[in-house]
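Protein chains in written order, with our numbering: chain L, 413 to 748; chain H, 728 to 1023.
Rather than coming from a laboratory, the hints here were simulated on the basis of the structure. Fair warning: there could be bad hints in the mix.
To be clear about the criterion: a stretch of chain H counts as covered by chain L if any three or more of its residues have a C-beta under 8 Å from a C-beta of chain L, and this derived list gives those stretches [as the list claims (entries may be wrong)]: (1) 906-920; (2) 924-934.
Derived pair list, reagent style DSS-like, types lysine-lysine, alpha-carbon separation capped at 27 Å [claimed, not checked]: (3) K740(L) with K720(L); (4) K494(L) with K932(H); (5) K436(L) with K740(L); (6) K494(L) with K926(H); (7) K540(L) with K529(L); (8) K762(H) with K529(L); (9) K932(H) with K535(L); (10) K540(L) with K762(H); (11) K529(L) with K494(L); (12) K717(L) with K740(L); (13) K535(L) with K762(H); (14) K540(L) with K932(H); (15) K535(L) with K494(L); (16) K494(L) with K720(L); (17) K540(L) with K436(L); (18) K529(L) with K926(H).
By construction, the Cβ of each residue, glycine as well, lies at the ideal position given by its N, Cα and C atoms.
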Amino acid sequence: MSLLEIESLRIEFPGEDGQLVAVKGVDLAVEAGEVLGLVGESGSGKSLTCRAVMRMVPAPGAISAGSIRFDGADVLSLDTSKLRDFRAHSVGMIYQNPFGSLNPTMRVGAQIAETLKVNRGMKRDAAKAEALALLERVGIEDPEHRYRAYPHELSGGMCQRVMIAIATASSPRLMLADEPTTALDVTTQAQILKLLARMSAEEGMAMLLVSHDFGVIAQACDRVAVMYGGHIVESGPVETIYHEPEHPYTKALLNSVPELDSAGNVQRRAALAGHPPELSDVIPGCVFAPRCEYARPGCEAVSMKLEKVGPAHDSACPVRPFADANSKAKAEGVEA
Amino acid sequence: MSATPVTPADVAGPPLARPRRGVRSRIKGWPTSVKVGGVIVGILALAALFAPLIAPYGPNEIDPFALLQSPSSQHLFGTDDAGRDVFSRALYGLRLDIVLCLLVTYVPLPFAVLVGALAGYFGGWVDTVVSRLADIMISFPFIVLVMAIVAIVGPGIEGFLIGVPIAAWALYARLARAEMLIVREQPYMMATTALGYSKTRAILKHGLPNVIRPCLVYSTIDLIGNLILLAGLSYLGFGVQPPTAELGGIIADGQGYLLTAWWIATLPGLVLVLFGVGVGLIGEGISDRGLERGER
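Extracted from the complex, chain L is given alone in its bound form:
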């Protein structure tokens, strides 16, 4: 049994003419201690899926179908006090905007200590000592000094470290990281990812890392799930997805990642033509078909069901345009 099991999750928003479906039947499982990446464009539903785990889908949106099980317990049926307990102790969450995530009117030390006092029932002095230890652990130099700092006195990377300290204060078994490095520069980004990976390894804490950046995912994750238009289109181990993508969308997404050696090159990587589907668009069959260069007649009738295409590797594309090339590459890899 996985630590987190999401089954056919559906999230809807009321629209002017009928419901808008933002997440359309997502299946996802996070094993204990595993780092799972969730990658996709803006509006693909990846953040919503992440928030749904905490039952924090922003109103007026709501989870309309599906189930979320954490450690075997049904999250969607928890009553208010159990839900608060679940949020406080089982799952931690960090967000995209490190500055906005901290209360600007409270010293950062007090914010960490508050979590320890409220969620772990610590006394004042013990909470302070533990908060200092946490600051040290997330790699903040001179913790005594920073303890008394206000968020605006810290850099973005430091704020994110403080946020990680708060989120891990009650040793959650799952960390939801919603674009934790998007607002940071690349050097800081790498440090934060390293820190998250270290915390995850030390604590045996699983992590769901949401990002639009394949580089971030590659750096930090064991497995990756690719989302498009409210569906998961492909999932598998990071290496497999990178080298042998089966879904045309994954392939297009990987192709659009610029590389340093492409600078000055006239033939830049091709951006994917077209736009992701609007929430109001109801696309029968494959949601990616309208933008897919490998689309065939019949693609608009297939269901978006993930099919096994390899060991721990699933794809929602029945056409499998790269299957031959991939198996050839694999065969060559074996020979070499």
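Go by the hints and put chain H onto chain L.
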């Protein structure tokens, strides 16, 4: 470029965080308007606080042999038609005014902010009820409302003390509500949910401190407004009753003598103006400081 030696300090730039600043360096960072306003208000407030020590005469001490005397070293602000020392009366008057205005401004403020913040946080019917009540209070002419209440409870400071909070809460509630609509969408408010904090904790500890600043800025304007309102009510005979010294009352008494003894109305009036300017400067400074930090 000359060969100026580059020190490590130049390269490192100013340190990012320096939370343990001394009080003196903090004051140094304040806008000039706050400093100037602070000095004005400070001096007047101290003078008012220590009025019994500073005032050379009692506020109601009558000297039949010194009627309507012009300002002199004996009587800094001169004397009025009953031979009372206007300077002493102005000090005692300012004292009463400040106390009353602080009361009517800052006692209802926390309640009003809380009500507004709750309305903003929860929305729905709570918001509807609070907002419509506030609309009703705001659409009512303020002075007329206070005068109506004074008419019910009778002249004297009770009318002022009851009337102003009844009318004034609405604006604070509205400000706090608007601010809470912004604050509740901030990631740190979302974080309180994600951390499993109670709603009470989220609102009181993380919401209120972030919505209260515009209310504090507005309260400085309100404080001046209330001061002038109290003076105006006393002037009209609805506020503080004679012979109690109160700036508005003194000005009302003195207006009959504006041509023959200008000092009775003018000098206490200047004290009132000066105090108002001081409080206004502080308020402006606080709101500027918010802008400087790029908070809005």
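For each hint, the structure was consulted:
1. 906-920: holds (count 6)
2. 924-934: Holds, because 5 residues of the region 924-934 of chain H bring their Cβ atoms closer than 8 Å to Cβ atoms of chain L.
3. K740(L) with K720(L): With a Cα-Cα distance of about 18 Å, the restraint between K740(L) and K720(L) holds, given a limit of 27 Å.
4. K494(L) with K932(H): holds (22 Å)
5. K436(L) with K740(L): Cα-Cα ~34 Å, so violated.
6. K494(L) with K926(H): OK: K494(L) and K926(H) at ~15 Å, within 27 Å.
7. K540(L) with K529(L): With Cα atoms ~9 Å apart, K540(L) and K529(L) stay inside 27 Å; holds.
8. K762(H) with K529(L): violated (39 Å)
9. K932(H) with K535(L): holds (18 Å)
10. K540(L) with K762(H): With a Cα-Cα distance of about 36 Å, the restraint between K540(L) and K762(H) is violated, given a limit of 27 Å.
11. K529(L) with K494(L): Since the Cα atoms of K529(L) and K494(L) sit roughly 19 Å apart, the hinted pair holds (cutoff 27 Å).
12. K717(L) with K740(L): Holds, at about 25 Å.
13. K535(L) with K762(H): Status violated; Cα separation ~40 Å.
14. K540(L) with K932(H): Roughly 18 Å separates the two Cα atoms, so the pair holds.
15. K535(L) with K494(L): Holds. K535(L) to K494(L) sits at ~23 Å (cutoff 27 Å).
16. K494(L) with K720(L): Violated: K494(L) and K720(L) sit about 36 Å apart, past 27 Å.
17. K540(L) with K436(L): violated (45 Å)
18. K529(L) with K926(H): Status holds; Cα separation ~16 Å.
Of the numbered hints listed earlier, those contradicted by the structure are 5, 8, 10, 13, 16 and 17.
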